[in-house]
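**Q** Join the two chains, each given in its own frame, into one complex according to the hints.
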Amino acid sequence: MGRGKELILFILLLFNGLIYSQTIISGFVKEKNGNSIPSASIILKDSLSSSTIGYTFLDQNGNYKLTTNQYGHFKLSFSSLGYKTKIISITILKNQSYPNLDIVLEEQPIDLKEVIIRAEKPISILKDTILFKTRFFTNGTEQTVEDLLKKIPGLNVDSNGTIKVGNQEIEKLMIDGDDLFEKGYKILSKNMPAYPIEEIEVLKRYSNNRLLKDIEESNKVALNLKLKEDAKRIWFGNTELGIGNDSFYQLKGNLMNFGKKNKYYFLANGNSIGYDATGDIQNLIRPFRSNEPASIGDDQQVSNLLNLSTSNLNFKRKRTNFNNAELVSLNAIFNPTEKLKIKTLGFFNWDETDFFRNKVNVVNVDNTNFTNTEDYNFRNKKRIAFGKLDVTYNISKTKMLEATTKFNSGNFNDGSNLTFNGNSTLENLKHQNTLFDQKINYTNKFKDKKVFLLTGRFINEEAPQNYSINQFFYQDLFPDATNANHVKQQSNNQMQFAGVSAHLLDRKPNGNLLELQFGNEFRKDKLNTEFSILENETTLEQPINYQNNTTYTVNDLYIKSKYRYKIGGFGLTGKLNIHQLFNQLKFSNSSESQNPFFINPSIGLDWKINNKNKITSSYSYNTTNAKILDVYNNFVLTGFRSFSTGTSSFNQLDASSISFNYQLGNWSDRFFANTFILYSKNHDFFSTNTDIEQNFTQSRQILIKDRAFITINSKLDYYFKFISSNLKLDLGYSKSEFKNIVNNSDLRTITSNNYNYGLELRSGFKGVFNYHIGTKWTTNKIETTINNTYTNNESFLDLTFVFNDKFDVQLQSERYYFGNIQTTDNTYYFLDIDARYQLIKSKLSLGLTGKNLFNTETYRTFSISDIGSSSTEYRLLPRHVLLKIEYRF
Amino acid sequence: MKIISYSIIFFYFITHITYAQNINYDVEIEYTISFNTERPTTQKGILYLDSSKKKSMFIYGKNTESSIKQSEDENTEYDLFYAGKKKVFYQDFNKDTLISRINLFSEQFIVEENIPQLKWEIHDEEKMLDKYLLKKATLYFRGRNYIAWFSEEYPLPYGPWKFSGLPGLIMEIYDTTKRYHWQVNSIKQTEETTLDLQPILKGKETLTIKQYADRKFNNNTQFKRMASKLPKGVQVTQMKTPRTGFEIKFEWEEEKN
Chain A
76 MGRGKELILF ILLLFNGLIY SQTIISGFVK EKNGNSIPSA SIILKDSLSS STIGYTFLDQ
136 NGNYKLTTNQ YGHFKLSFSS LGYKTKIISI TILKNQSYPN LDIVLEEQPI DLKEVIIRAE
196 KPISILKDTI LFKTRFFTNG TEQTVEDLLK KIPGLNVDSN GTIKVGNQEI EKLMIDGDDL
256 FEKGYKILSK NMPAYPIEEI EVLKRYSNNR LLKDIEESNK VALNLKLKED AKRIWFGNTE
316 LGIGNDSFYQ LKGNLMNFGK KNKYYFLANG NSIGYDATGD IQNLIRPFRS NEPASIGDDQ
376 QVSNLLNLST SNLNFKRKRT NFNNAELVSL NAIFNPTEKL KIKTLGFFNW DETDFFRNKV
436 NVVNVDNTNF TNTEDYNFRN KKRIAFGKLD VTYNISKTKM LEATTKFNSG NFNDGSNLTF
496 NGNSTLENLK HQNTLFDQKI NYTNKFKDKK VFLLTGRFIN EEAPQNYSIN QFFYQDLFPD
556 ATNANHVKQQ SNNQMQFAGV SAHLLDRKPN GNLLELQFGN EFRKDKLNTE FSILENETTL
616 EQPINYQNNT TYTVNDLYIK SKYRYKIGGF GLTGKLNIHQ LFNQLKFSNS SESQNPFFIN
676 PSIGLDWKIN NKNKITSSYS YNTTNAKILD VYNNFVLTGF RSFSTGTSSF NQLDASSISF
736 NYQLGNWSDR FFANTFILYS KNHDFFSTNT DIEQNFTQSR QILIKDRAFI TINSKLDYYF
796 KFISSNLKLD LGYSKSEFKN IVNNSDLRTI TSNNYNYGLE LRSGFKGVFN YHIGTKWTTN
856 KIETTINNTY TNNESFLDLT FVFNDKFDVQ LQSERYYFGN IQTTDNTYYF LDIDARYQLI
916 KSKLSLGLTG KNLFNTETYR TFSISDIGSS STEYRLLPRH VLLKIEYRF
Chain B
33 MKIISYSIIF FYFITHITYA QNINYDVEIE YTISFNTERP TTQKGILYLD SSKKKSMFIY
93 GKNTESSIKQ SEDENTEYDL FYAGKKKVFY QDFNKDTLIS RINLFSEQFI VEENIPQLKW
153 EIHDEEKMLD KYLLKKATLY FRGRNYIAWF SEEYPLPYGP WKFSGLPGLI MEIYDTTKRY
213 HWQVNSIKQT EETTLDLQPI LKGKETLTIK QYADRKFNNN TQFKRMASKL PKGVQVTQMK
273 TPRTGFEIKF EWEEEKN
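Read top to bottom, the protein sequences are chains A and B. When we follow my numbering, the leftmost residue of the first sequence carries the number 76, and every step to the right adds one. When we follow my numbering, the leftmost residue of the second sequence carries the number 33, and every step to the right adds one.
A couple of the hints might just be wrong.
[Stated by the list, open to error] Taking lysine-lysine and the DSS-like style, the derived pairs with C-alpha atoms no more than 25 Å apart in a straight line are:
| no. | chain 1 | residue 1 | chain 2 | residue 2 |
| --- | --- | --- | --- | --- |
| 1 | A | 208 | B | 76 |
| 2 | A | 881 | A | 239 |
| 3 | A | 279 | B | 76 |
| 4 | B | 159 | A | 120 |
| 5 | B | 159 | A | 303 |
| 6 | A | 105 | B | 85 |
| 7 | A | 159 | B | 163 |
I should point out that these hints are in silico values taken from the structure, not numbers from a laboratory. Keep in mind the model is a prediction, meaning the values are calculated, not measured.
This is chain B alone, in the form it adopts within the complex (with noise of 0.2 Å):
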């Protein structure tokens, strides 16, 4: 009897810290990102704060609102979350937690990691955006580089998708080859709303960041098929595709050069 309360304890605990998470957040920051690829597009994105817990979830994908709708029917809460296929990114930044919802060959994965460091570095460049001085900062990350431009106006140390660390909010950050680009729209206090993000994260399979990018870029069985289908005599030499995408280039892979 002992035993099996203990293991309901138990087993209480261990779901208890994979898919309880939840954020209580109050300040709502609305991002526009820009595809600069090559189809061109624009899509918003919401970053939510939880400052007094240190924790940030920033969502994106086509249709989202501007705000989470709060609905009597507790159920549609969530609708907004997957209707689209969301993209979520939720840092908890006490557990040094970074864990990801993204699509892949329009599959939904969950992505677990340790919150990246970033490795800043800031400039005595400044510049104004509307009527706030922004600071900045560079950063290389996965691949690309980034430059930032940060308000110490602001000193809440997040950013859009995984950018976070500055000593001021990140008001707008792009990569040097100009393909991607966040930008603020606003920024609004909210009343506290605690979100459970359970409902978000469960019942997806769950990888680690090197399993994601393996999946993702040495997946060769498209490639197979084609190549299997081309008519007689006809040989085929490996390319290697560019990658695409915000990351391009692993921790470990460059360890490796």
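Just chain A, with the same shape it has in the complex (with noise of 0.2 Å):
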């Protein structure tokens, strides 16, 4: 009892002291005259000043009251907007209070005109830049570059690594404005740590040269990834090795060093599962710049007369590429001063690729009627060696120079084992191709809105082959030569181009831009083929019309004006192209020369109706000049059993077009469709006149005047919201007419009619599981004095099941039906798998890869001509698996 009381005394007396442990500070504070100040905030701090305590402020009669549960020593500081701040030390004891704590404050006029702060924003938005601070959005669990640009507001990327502001793919991705990847940036996001960066740029309507931006028309969107400052050198990269049966093979490495003045990007890869991998770095050889100012001589290049690889296949090459393929690659970009920009790209490819066909060519023609079997097994080895150097001289803020070279030396040997009708034949074909492309580009913004480019440019490109079979087919054509038993081909094909050009760009006040472009292109082909027919070793003959020494030179003085006008939704685009040539065409005993003089017009237009309608349609007439190919007088040798001939003259030809392109709704939207109809006319045309035996044929190019071409297409999508999937339809019509002369027929009309429809349905599931199927049909109808029709179907089923973050599967399956192949192989299968998991997020990944699981071994094509039919036998690439692990570092 006694104990209870005692008890709550206890607590009673504990309560008390929690009581009155709360200290109260009061007061009031005034001016020095007395007068009350009308807030002021009053600040208990520790006696070190640096934690904060407790605070009050000044209530409307000027007196404040500050509690505490704290003892000891502290300051209580007072300040007042316009008046000098007060400290006092003030020591707290238990049981205490301070009610009469009274201060004055004196008074400090403020300078207080204006005061700006400057310190980072996380987002600023300039005109067309929109600048991220990243150390706003990160949270540190961040490893690349990729997982950085996820947490940027507006910027998506994919799952396959797509980087896209809105719905609009990125142009490039930049590490300081310096750029080594083109649209191969993935290998950079992907890799790349995140830490070392400080900002994110985005850049729209973006200008590969710096000094056209907001000029030129652009809609472009580039990325440029800013470095801290103290960033030091940092090395990283990633390598994946795969290995599966039958020794298939795939290792990748990729290795990038990133300082702020240098950079460097190393590349090796090497396979045989029949994967192109210089396709990796075909956008550093050949970045991609259409229709912009300074390309000329872009077009510029030689074409071989005669090539062994392969013809385009309606199918994936990676599936016929029995390949071993090894590539290293070295890129680095050097910024010696501000001013100074270096970037070298090169390359060393070496490959050698197998490819096994076997082909029966029904020729059936007025009185002409033969079947050749022809059973290829060819084999290319290739050795490419390709340097390019870009150098940037920025002399002021309006005024830059670039200058590009670039080096090609490719090393080809190539050689079939054929079986041509029961004759076993050796075919060889050594060639070469060394280039040599200097560039030079001047660009002075001289005004706000006006640019002058200067650019000149000089390519070497030079193509010998040389070709030999070790078989004589052509008796008939050669009929003296009776004990000859193989032949010879030695060719030179060396082409020059040097051009100039001032382009002037000119952004009108009212929006409106105007293009002149002055310049001068010469270029010269030099075309040397030497036939020869051999009895072993010893030359029989070189008949006369099958060698050739040709030299053509083109000199075209032109003026280009483009401009666009443009008023409400409406858009007018002119475009005037005037052309004098000057043109000179040498064989080895005659020449002549030729100045024609064409203009190119065309016009264009452009109609926003609103939103959801927009209609452009043009209307162009062009003159184009011969090629070297076309204007050469002798046979060449183009095949085992081809010979060609050019025109030997100077030629012309004349095409008008119309297209017309009608778009309803906008790609995002729900339901989206556009129909496209182009419509075009060859006044004159190249055609052939061939003499077709069944062991060679001869053609020469003829020069016919009239031939029509038409193709509608029309594309609709929709997007079915109860089902998540979008239906895609894909309807097309495309009609040509051809004509030609064979075995001296009249002239005949070849008529081709194509079809195709196909629909597709896509889901946008957010789950696990998706799928894409679609399927589509083709009728080729080609009417000549025969007529010939088939359809064939290519259907797919892709289905992707993204279990996490670290586990995923791809099923693709395909099949093929031949419509036109009577036999029971007219239908194949295909079925790849693809499958990943993560063992640590960002570092280590494993992967499955199976290709070709049904094993298909031979893929048979049909197709028809106008001069009969023909099957084509492939040989795929067997099953193959390769388990891969891939680490980055």
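**A** Shown next as structure tokens:
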């Protein structure tokens, strides 16, 4: 009982203590003259003035009251705008209050006209640039640049790494304004660590040439990552190793080192699974710059007469490409001074490919009927060395000098083992390609919206070819060569190009763009071929009509003008290109020249009726000058049983075309439809006059008048919400006309009609599973003296399972059906699988790739032409399964 | 007669308390607000202070000028407030009222509430912003956690939007998801300017904070209209859309949980 009382007393005392331990400090704050101060902050801090213990404000009457439950030595500060802050020391003792702590503040006129606080902002939006400071958006879990970009608002990174700003894919991903990857930026975004990046710049309406910004038309978007000032040199990259059955392998490695001044990128790739390694750096070798100023000479190159590699397949090349490729590439950017940027690129590529093809060719023209069988086994070996040097010198804010030097050396050794109608034949083609290309461009933005570009370019390309066949199939052509047993052809095709152009871009105050270009382009082609008929090593004959010594020079002096006029939703683009040509054609014993003059006008109209309806249409009339492969005068061997010759004269080809495009809705809308119509008429065109024999064909180029081509294509997208899937319809029709002569016939008209219709359904589920299914029919109809029709079908079903961040599986199946193959092998099935498992996020992952799981060994296609039909069987890469491991460091 | 005059006085009195708000400001503080939302934007906001009467007004929205331009034509002075549907937050600390002019489904409303009691926690952490030493304070307010940086050099217990009550001016404040971010641009003392708030706050429907929350988050009409248009056989399971905006959870909702 007594104890209980004691306890209660104790509790009461304790509470008392607690209650009394609240110390109240109070008083008033006033001016020297006794006037009250309207507002002030009173802050209680520890004796070092570092921690804030409590705070309060003056009430309406100028009194303050601050409560605390701590004791000891403190500082009490009184501050008010316009007064000197007063700090007093105070010792708070237990059970004591400080009721009349009155304070007088001394006036201090404030210098507060305007204070600007300069500080970083998480997002700054300038006209076409949005700047993100990464530290405002990160939480430290970001491993790679890709992880970082996912955190930035407005940027989307999809599952395969494509980076989009809104709905638009970015053009490039730069580091401090330096670009090493162009469209192949995923290598960077998936591997580069995120920590050295300080800022991300989204550049809208981006121009590759900085001085053309806001002057040329552009809707491109690019990203620029800015490194921290103190970012040390960092090495990073990844390696991927894949090993499979039957010694299939794949090896990939990327190694990068980025510093503020210099950047390096090394890449190595080796594989035997049909993968074209140069595809990874294709963007770097030839950056895609269509329609950009200073692109003079981009389309100038040597075309080879002879090509032993495969014709284009309507099929994945990877499946038939028996290869063993190795590639190493070294790229670097140096910024020795602020104004100078040097960019180098080099690669070496070795490849050995095999290709197997069996072909049955049925020819059926008038009175010529025969069947040829060819069993082909190609082997191509190539070695390519390529180097590119870009130097950019920024003379001033408005002037820039750029120089690009390219060097390419290719060495090819192609051989084939051919059984032609039962005869064993060996073909050998050794060829080289040497290219030197130098471009210099000077840009001067001489006024705010006016830019002048001066571009010069020199290209020298040489492509010698040595071809031999260990059989002589041309007895009928050369009856004198009775003992002949093989043939040889040595050729050299050389091109020199030199061009200068002056280009003015003038963005008018009303927003319309005027472009004027004045230039001169000179191109000289030399084509030498030497065809010999041999008996063992003895040359029997070099038939005169089978040797070429052609020099073709074209000098094109031109003025090009372009003006775009815009009013409301209407845009009108007018182009006028005026060319004065000086052509010269030299054969071994004759020479002639011609100076044609022509004008190429074109007009384009685009009309944005409203946000949902857009029409674009254009009309153009175009004259093109004949190329070297159109004008040479004697026969050239272009395959083991084909000879061709040009027209041996100057020609200009005239064509006109009209196009029309209607777009309903926008791509991101639920419903989107686009229809495109193109009609073109060739007033003159090159065709052939061909003599067809079973063992050889001889064709001469001839100039023929009038042919037409029309194509109509409609694409329709509709998103079905209830199944979260998008339906895509694709309908197309094209009709083309062609005229030729075969075996001295009259001019034959070949009309080909092509219909295609396809549909696809693709899901957009949020869960684990997604599908994409589609099918497409193509009907071909060829009408000459005989009519031929067939329908093929291609279907696919892709299934994707993304179980979680760590594990995903993709299945791809394909079905091909050939309507005109009567046998049972007219249907082919393929199944590929790809699985990936991340062991350590963004560090280590395992993969399993299986290709051609049904182990389809051959693949046969059927095609029809104006002279008959052919059925071709290709050998396919057998089933292979690769176990892959990828490590990022 | 007497009754009439009394009632006139009475009515005058009532209208006076409701509408005759004015602010006599002499300090103007400009903030940049970064909306790190699905479509990131930045906007300017201006805080006007009448520190002697303990009143503040924060205005933001598109095209907010750096100051309210005084004009000979008295009416144009307020054009700025109407253009671009600016949001206005007026706080009178002596009367304990916070009046907001906000937009809800593209309609303008006035919301009246007591000044929220912000339970700031002051930390020892400090940082420099330009040449100012800032102290860190944290706050949970209506569904979001905020980090504020204030300056004791400016002993003004004010801040942007509804933030107030720190022993110094809030120079920077952001929520921990980094969706919203306010940062001071400039601080300027101006001539004393009286601004009558009646035209800014008149003629709009006035809501309590509860009514406002209800309208904003429990408005299902749009959803129902969509559901009624769906094809036959399709069922909709009601989905809760996440709340967005500065305020996503209110005091009375906290109590429930």
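**Q** Take the hints in turn and mark each one as holding or not.
**A** Hints, verified against the model:
| no. | hint | in the structure |
| --- | --- | --- |
| 1 | 208(A) with 76(B) | holds (19 Å) |
| 2 | 881(A) with 239(A) | holds (23 Å) |
| 3 | 279(A) with 76(B) | holds (23 Å) |
| 4 | 159(B) with 120(A) | holds (18 Å) |
| 5 | 159(B) with 303(A) | holds (20 Å) |
| 6 | 105(A) with 85(B) | holds (16 Å) |
| 7 | 159(A) with 163(B) | holds (19 Å) |
The structure fails none of the hints (numbered hints given earlier).
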